[in-house]
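Chains as they are written, first to last, in this note's numbering: chain W, 0 to 825; chain L, 31 to 195.
Take these hints with a grain of salt, some might be off.
[Unchecked claim] Just a few of them, taken from the derived set where beta-carbon distance is under 8 angstroms, the chain W residues facing chain L:
hint: 1; residue: I244
hint: 2; residue: P245
hint: 3; residue: F250
hint: 4; residue: Q251
hint: 5; residue: N252
hint: 6; residue: F294
hint: 7; residue: A304
hint: 8; residue: A337
hint: 9; residue: I338
hint: 10; residue: S416
hint: 11; residue: L417
No lab work stands behind these hints, which were simulated from the structure alone.
Beta carbons are placed, not taken as given, at the ideal position from N, Cα and C, and that holds for glycine.
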Amino acid sequence: MEKLPETTDPVRTFLGRRAVFALTHLVCPLCTTGLVGYLIWLGADAARTPLSPLGLYLWPALLCASAVAALGTGGLFRASRGAGVFLLSGLLLLAFCLIFLFSFVHDAWRDIPDFAVGTLEIYLLFGMSLPTGMASLWWLSSCPIVGEKRLGADMAATIAAYVMLVLFGSCFLRLGAFISLGELPTLLVCVAIALAFFALLFHTLWLAALGHRALKTRFPAYGFCLRVLTVAGLPLLGLRLNSHIPFPADFQNIWCYLLVAFCALTLLPPTCERRFVRLQYFVRWAAFPFTLYFFLVFLPFLPCAALAILALGAGFLMLAPTFLLWTHVHALQESAKAIASRKTKVLLALAGLSLLPLAIVAATERDRAIVRPLVEAVGRPDFTSGRDALPMDEAAARRAAKKLFDCEFGHTIPLLSLYRERRIFDGLHPSQEVIDALEARFGLSTDENPSGDVFGALTRPAGTSRRRWQSTTPSQNKVAAVEVRNAGTRTPTLAFTLEKSPSPNCQFSAPLHLADGVWITGMRLKLPKDGEWKSATRRDRRVATWVYENIVSSSRDPALLTLDSSTEGRLKVFPLDEPREVEIDLLMPTPEWCDVPLVLGDTEVRLPGIPEPPAFEDERKAVAICFVGADATKPLPNADLYVCGGPEIAVTAEPPAEPPYAKEAVNAKRAHQFARGYAYAHGLRIARVDYAGDGWSRRMQSEAPRRPLPLLEPDDPWQLGAQAWQLAEEMGHRKDKSRLFVSPIRQLAERCRVLTSAEALIVVETEQQERALAAKDALSRNADLAFDITQAETPHATNCSAPEFLLVLLFALALLLRRILRLPSR
Amino acid sequence: MSSSTSPPPPSFEMTRGLLAALGLRLLLWALPDAAIIPLFCCAPAWLAAAWFNVPLETPDLAWQAGDATFVMARSCSGETFCALAAAVLIAGRRWRWAWAAYPLTLAVNTLRVIAACACAPFIEGTRLAAAAHLGLGILFFLGALLALSFLNFWRPHHGKTARND
């Protein structure tokens with residue numbers, strides 16, 4: 000057998016012993032052959048695969064090839080001369096073919112039981128075949144044509160021996176079957192695989208280095224050709240491949256190509272000696288952020304590059320950013336040597352480094368300056384300027400809309416897109432109404448890139464917009480029992496017992512039908528853990544829905560009650576792993592609606608009649624609320640009696656003409672002209688304008704901050720009436736008649752204590768969920784109507800060490816920069 | 031007379047490194063979740079969510095990518111790697127650089143998390159999912175340890191590893 004080189008490495012000395020060497024380089028390949036035979040035996044009954052006609056020839060061929068490889072490996076080590084490169088390369092290829100073949104068998108033949116084709120066997124095969132490949136590489140390195148062995152080869156052979164020792168131990172533990180050590184065998188195998196991978200990597204790098212040295216010596220233009228390939232060829236090929244396989248993101252942007260060209264122009268020319276050396280140094284630093292960005296983007300996938308190369312030959316392009324960075328750093332070092340002054344080098348470096356980031360910041364700020372006004376204008380139209388008025392000209396608005404659509408529906412690239420979205424939209428997203436309005440106005444499309452984003456599934460479910468996550472919790476609507484408490488009063492309580500669901504992670508979701516004029520004032524949920532009753536809080540509907548869906552995903556106890564109109568709503572309760580009890584409080588203004596059943600899912604509830612007479616019914620029996628609230632210092636020259644909430648109007652009032660209400664009054668008139676009713680609250684006076692068409696919207700202006708707030712949906716005049724009724728009751732007991740103009744809808748609803756369609760009743764279980772709910776609610780109060788607060792991040796509840804890590808990263812970059820710049824002066 | 035400048039034998043270095051690893055691991059094991067998660071989990075989760083441009087839900091440190099939800103738990107913190115990395119530096123007599131094990135852990139764990147999330151859609155549901163996830167993690171951590179070990183034992187003035195001296 001071949002004598003191994005002399006070495007003082009005790010490990011290699013041990014591995015060089017004949018018995019050990021024979022074990023690692025002869026027995027293992029034979030085991031490989033055995034495993035292939037095992038595969039064939041397993042596949043004999045599963046000949047339904049597409050390969051079955053060919054299998055009769057393929058499998059024996061593979062068996063023979065494996066046997067030849069196994070025996071040949073042993074014989075090769077007896078040879079006194081180096082073996083043929085092609086034979087050894089073939090052996091290496093065969094070893095990898097076996098790996099993928101077994102993986103194919105593993106997944107293609109599903110009727111093979113798991114114990115027969117388990118995970119461990121795959122890696123055993125991988126490990127067993129690897130020494131064959133290792134041996135091939137060893138002999139490649141020892142061939143006279145490639146020179147003497149170097150460190151890489153030593154490490155490869157050593158590590159391969161480690162691999163076999165580990166695998167034998169794993170195999171022994173596995174075959175023992177009497178000793179259960181949990182994940183240990185798999186862990187050992189994975190370690191072996193990783194070691195083998197690195198061995199391959201090191202040896203490949205060594206081979207590449209040898210080739211590089213040989214070519215550099217023989218071909219003078221080799222260096223320049225390599226540089227062209229590294230700074231221009233590989234990046235452009237990578238971008239070209241990216242157009243077909245957008246991994247890890249779609250970089251098909253004109254700027255990427257331009258920056259690649261710019262980078263190539265800065266790096267290809269030789270380093271200037273005296274003239275233009277500073278300029279060259281500056282532009283090389285200016286291109287460095289681009290190089291660094293792509294290196295960082297591909298850095299997580301660098302260890303997978305070898306697998307990508309095997310799976311997809313062009314996968315070596317994943318290494319292009321690394322090669323580019325290497326070349327760029329060398330070019331910077333060369334340029335730095337030509338500049339004497341260290342201060343000059345530092346200043347030029349800082350100036351160059353900041354060029355591209357500042358350009359990105361400036362472009363983002365420019366986009367923010369044009370997109371936000373457009374979104375706000377579309378979200379809150381100002382009728383005083385005309386129905387289709389925009390704060391910019393049509394062309395600028397179209398460009399802004401396109402940028403918005405690119406931001407929302409276009410391709411995202413790591414990190415930079417996050418910064419742009421955060422800066423332009425403050426972490427929010429435009430609401431669907433704004434998107435629809437822009438889409439209709441400018442004819443823009445929200446479709447995804449037709450070329451397809453193969454890896455788009457990384458950020459959103461397939462076939463959905465990137466703005467929405469879809470929850471697919473199973474649901475049922477079976478009510479086991481219902482009880483009416485406080486019957487015969489104006490405030491009954493319905494107590495539902497929901498049936499337990501046989502399937503896990505199931506929610507109760509059922510439509511709720513109310514009679515006209517019945518309002519919901521509260522809800523309680525019984526928590527199964529301790530039997531405690533938890534009261535619901537009234538929150539913004541978007542906020543409550545978002546929090547509910549997020550809690551459902553973490554399998555906690557929430558309940559959500561929403562109203563779509565004055566008579567239709569939905570109740571959701573999660574989870575249903577046992578019978579759940581929920582109570583809903585009602586407010587019955589008159590007894591006439593008691594005859595109309597309340598329906599939850601398939602369950603009907605008839606409420607008993609109320610003996611008390613109605614409190615606010617007028618002589619015409621219409622549900623109307625009379626309310627007076629006047630400012631003693633500034634009486635309005637109008638009737639003090641306002642009527643709302645009813646199908647007929649008793650008195651209408653003209654809006655005041657004095658500022659600052661004049662604009663709102665004009666807006667109201669203009670809105671009415673466009674078939675949109677408008678009502679406003681001023682000094683708690685609710686005036687209603689004749690509504691035309693089939694609906695009207697109401698907006699309530701608040702003084703601080705001055706912006707409109709959402710009000711009720713058009714189809715619930717009773718709810719508005721209920722609010723006004725409650726306010727009337729309160730005002731009747733107040734002695735001071737000071738203005739209460741500043742009254743956001745939420746506070747108004749809080750006083751009225753009834754559920755509106757703009758809000759929801761939600762029960763949450765834990766304090767953390769309460770905090771998240773409050774934080775999201777606060778965000779909804781301060782966020783612009785034009786933006787979707789459900790897409791915003793939940794504020795951090797725990798300390799995040801991200802800023803500290805960034806400081807460490809910056810410190811490391813500073814050290815690197817200092818290292819690069821610290822070069823001997825001439 | 032024996033030389034006082036002779037380097038310690040490899041077995042001593044290995045023992046020192048193993049003891050350091052064991053001590054650090056026990057120390058980290060003793061710390062509660064409230065200390066480990068902010069120290070080791072927040073940064074990789076934040077950076078991974080930023081890389082994929084998705085919101086990070088706190089305090090669960092969860093983010094949704096596609097149809098899968100990823101949660102950064104204590105088991106993903108990389109505490110063992112941190113202890114091993116510090117041990118490698120201590121074994122190589124570079125005591126002053128032992129602090130670098132912490133940022134290195136954050137960096138390597140971030141890369142591992144990003145790669146795991148990127149590969150998850152392709153391996154989830156297969157019989158190899160668990161082993162592939164484990165193998166990917168070992169690839170990153172073991173690779174970082176090997177690189178660290180190589181750098182640690184590299185002596186610039188000789189251009190060889192300590193073993194070949």
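Hints versus structure:
1. I244: Hint violated; W:I244 Cβ to chain L Cβ min 13 angstroms, cut 8 angstroms.
2. P245: Constraint on W:P245 not satisfied, violated at 12 angstroms.
3. F250: Violated, about 14 angstroms.
4. Q251: Where the cut-off is 8 angstroms and the nearest Cβ of chain L is about 17 angstroms from W:Q251, the hint is violated.
5. N252: At about 16 angstroms, which exceeds the 8 angstroms cut-off, the nearest Cβ of chain L leaves the hint on W:N252 violated.
6. F294: violated (12 angstroms)
7. A304: violated (11 angstroms)
8. A337: Cβ of W:A337 sits 24 angstroms from chain L, so the hint is violated.
9. I338: violated (25 angstroms)
10. S416: Constraint on W:S416 satisfied, holds at 5 angstroms.
11. L417: holds (5 angstroms)
Violated hints, in rising order: 1, 2, 3, 4, 5, 6, 7, 8 and 9; the structure is consistent with all others.
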